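K.L.:
Just need the whole structure built from these sequences, with the hints factored in.
Protein chains in written order, with the working numbering: chain A, 97 to 594; chain B, 24 to 164.
Hints are supplied without guarantee of correctness; some may be wrong.
Claimed, not checked - Below, a list of computed lysine to aspartate or glutamate pairs in the EDC-like style, where the Cα atoms sit at most 20 Å apart:
hint	chain 1	residue 1	chain 2	residue 2
1	B	Lys111	A	Glu99
2	A	Lys125	B	Glu87
3	A	Lys258	B	Glu161
4	A	Lys264	B	Glu162
5	A	Lys469	A	Glu544
6	A	Lys258	B	Glu162
7	A	Lys477	A	Asp553
8	B	Lys25	B	Glu79
9	B	Lys111	B	Asp124
Stated by the list, open to error - Distance windows between CB atoms, simulated:
hint	chain 1	residue 1	chain 2	residue 2	range
10	A	Gly464	B	Gly77	38 to 46 Å
11	A	Thr274	B	Glu79	29 to 37 Å
12	A	Arg385	B	Val89	56 to 64 Å
13	A	Asn132	B	Arg82	28 to 36 Å
14	B	Gly112	A	Leu403	56 to 64 Å
15	B	Gly77	A	Asn310	55 to 63 Å
16	B	Phe59	A	Asn310	30 to 38 Å
If you are wondering where the hints come from, they were derived from the structure by calculation, not from laboratory data. What you are looking at is a predicted structure, and each value in this text was computed from that prediction instead of being measured. Backbone N, C-alpha and C define an ideal beta-carbon position, used for all residues, glycine too.
As a plain string of letters, each chain reads:
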Amino acid sequence: MREMITTNLPVFIIIAPLFVSFILPTLSKRIKLVENLVISVEILGIALAVYLVSIILAQRGMPLIYQMGGWSAPWGIELKAGSLGAFFALAIAIVGLPVALFSKGNLSVEVGAEGRTARYYTLYLLLIGALTGMALTNDLFNVYVLVEVATLSCVGLVSSQKRPQAAKAAFRYLILATIGSAFVLGGIGFIYIITGHLNMGFASQKLSDIWQNNPRVVWTAFSFMLVGFGVKSAVFPLHIWLPDAHSVAPAPASAVLSGLAVKGYLFCLLKVLYFVFGPSLMQVYSVHRILVLAGMIAIVAGSILALAQSELKRRLAFSTVAQVGYIILGFGLVNTKGLAGSLFYLLSHAVIKSALFLSAGAIVNVTGKKHIKDLAGIGKKMPVTMAAFTISSLGLVGIPLLSGFIGKWNLLLGSLETENLLPVIVIIAGSVFCAAYLFPVIRIAYFEPAPDNDLKDPGLPQKIALILLSIMIIVLGTVPGSVLELANRAAAELLAVL
Amino acid sequence: MKDFILKRIASIVLPFICIYGFYVIFHGHVSPGGSFAGGIIVGLSFIAFSTIYGIEKGRKKLPEKVLVYAESYGTLWYGILGLVGIVKGVPFLANKLAGIDMGAPGALNSGGLISLIGIGVGIRVASTMVTLFFTMMEEEK
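P.N.:
Printed below as a string of structure tokens:
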């Protein structure tokens, strides 16, 4: 039994949420059952992900290769659970559970009708399954299919509130994301034309042999991939869909969209850049410089735009644009420290941004007020929510002993290794900006007189979700141990220096 | 619609269209077409029925509950057939490796699990087409 689970682990971890999501539409009348099913499948997901991580760590980064249907690569589709895949699978699992918990008993208020709740959960689990698939797949066309599944689920989640703004934001997102998908498909097509392979390993081998024959095709493939995944993951000039989409979605949906969905596309970009093109080809085409530059611009511009927002959820959405900048910047550093920092930051931002969006959602739900200036005195009325918000803000700024610090620290060390001072300055400035747009919220919430109305913390599952996320931020910051080791191994795997 | 000729012709032709759709689904693994194309044909026969006889009658033929179940379990069926491989100790979605009789190439009972998977996909596609049609028609009101 145990052997069966171990050998089929990469498949189980993907199909568990998908199977449950298939049957949820038939249970739309029994919301309690749906919620419990979703939470249990998320708990199962955490168990499987932790087991996968423990196996990978015990094997010292040797990947688990799984051949679908028994067909070996390059003919069949391969799943490859290396350190990198296991890392992202873990990130999805540990963010997925609190978000599902937060939705429990709370969602029908936000999505309007009870009948829409089951639809929401179906899309949510489809998204989780697709993201886990992105983490583990080793096939380019599979990446495209999963990207499409994730995109359409995200669009559905954005439109799940019955409001005209939601429909508008979702439609805009749909159009831009589809353009992004077209670019991704084009990029995959170019790679396939010149290499004849869709398996990442084989394509990469062939590409390193023949790229000099078709330098322009490789260049086009690079740019298509960068733009395609750039639109989907909201890299700065391509971010215009994100603020609307993330601020009109229900709180748990914005948490998972900002925390995980954007990261899924970044993760696919990382895989394509390093596993298909390879670090040396990136340096030939100076793609790493473009990434660092795009990252720096995103950090500065995203932070300034966030400062200009007066609505809490919009401010958090623009903050995501800035934080994506850090991750992209790390991708371009092409050294172990920078990549490990980038990956750790990806995980820590997933946890932190979910906590921020969930607590912001709780505040908006209870008070009905969206603007930051209306939040006076919330800290005394809703202590748990505001405490979670404070811890995660401090984490996002990068205060030591919280998870954001370790990611930023490694990013700093990685930038210093490239002997370029500009990224270092931008990373530090980004932290200052981050404090500038998050700390006023905390100040208003705690130190301004509270109005005389009866507000209180949300229900028990919501509190547990917020507390879980806050504990994770602190644990990842104080004892990063094996998670950081996994990130380091993943970085080594990306640079192929195992 | 009050067209007598259209209704009479449709009542004769539609069953055959539906059966032809199932024919394409069942022969998906040996002949051109497949479960997706067959599913579309089956779905179209119901869509044609509802446009000719009216949405209400179409709804009665295929209540929403049936459509939801067909969609959900059609997809799940695919996944469950994938698990056959795991139960037999070989990878997910394995067919011949799982010890399933492949039959003679070209015969109807060949291809192992492929034909069974095709039935699930066909039902799913048919119900999705009909659901999409009903959704769009309801929006128009």
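K.L.:
Are the Cα atoms of Lys111/B and Asp124/B separated by 20 Å or less?
P.N.:
Given pair Lys111/B, Asp124/B holds - Cα atoms ~14 Å apart, limit 20 Å.
K.L.:
Indicate whether the distance between the beta carbons of Phe59/B and Asn310/A respects the range 30 to 38 Å.
P.N.:
holds (34 Å)
K.L.:
Is the straight-line distance between the alpha-carbon of Lys264/A and that of Glu162/B 20 Å or less?
P.N.:
Roughly 17 Å separates the two Cα atoms, so the pair holds.
K.L.:
Take a look at whether the Cβ-Cβ distance between Gly77/B and Asn310/A falls inside 55 to 63 Å.
P.N.:
holds (58 Å)
K.L.:
With the threshold set at 20 Å, check whether the alpha-carbon distance from Lys469/A to Glu544/A stays at or below it.
P.N.:
With a Cα-Cα distance of about 10 Å, the restraint between Lys469/A and Glu544/A holds, given a limit of 20 Å.
K.L.:
Does 56 to 64 Å hold as the CB distance between Arg385/A and Val89/B, or does it fail?
P.N.:
holds (58 Å)
K.L.:
Regarding the pair Lys25/B and Glu79/B, is the alpha-carbon distance no greater than 20 Å?
P.N.:
holds (15 Å)
K.L.:
Under the criterion that the straight-line Cα-Cα distance not exceed 20 Å, is the pair Lys258/A, Glu162/B satisfied?
P.N.:
holds (15 Å)
K.L.:
Please work out if Lys477/A and Asp553/A have their alpha carbons no farther apart than 20 Å.
P.N.:
holds (7 Å)
K.L.:
With the threshold set at 20 Å, check whether the alpha-carbon distance from Lys125/A to Glu87/B stays at or below it.
P.N.:
Distance of about 13 Å is within 20 Å: holds.
K.L.:
Can the suggested window of 56 to 64 Å be confirmed for the beta-carbon pair Gly112/B and Leu403/A?
P.N.:
holds (59 Å)
K.L.:
Does Lys111/B pair with Glu99/A here, judged by a C-alpha cut-off of 20 Å?
P.N.:
holds (13 Å)
Hint compliance for this structure: every hint is met.
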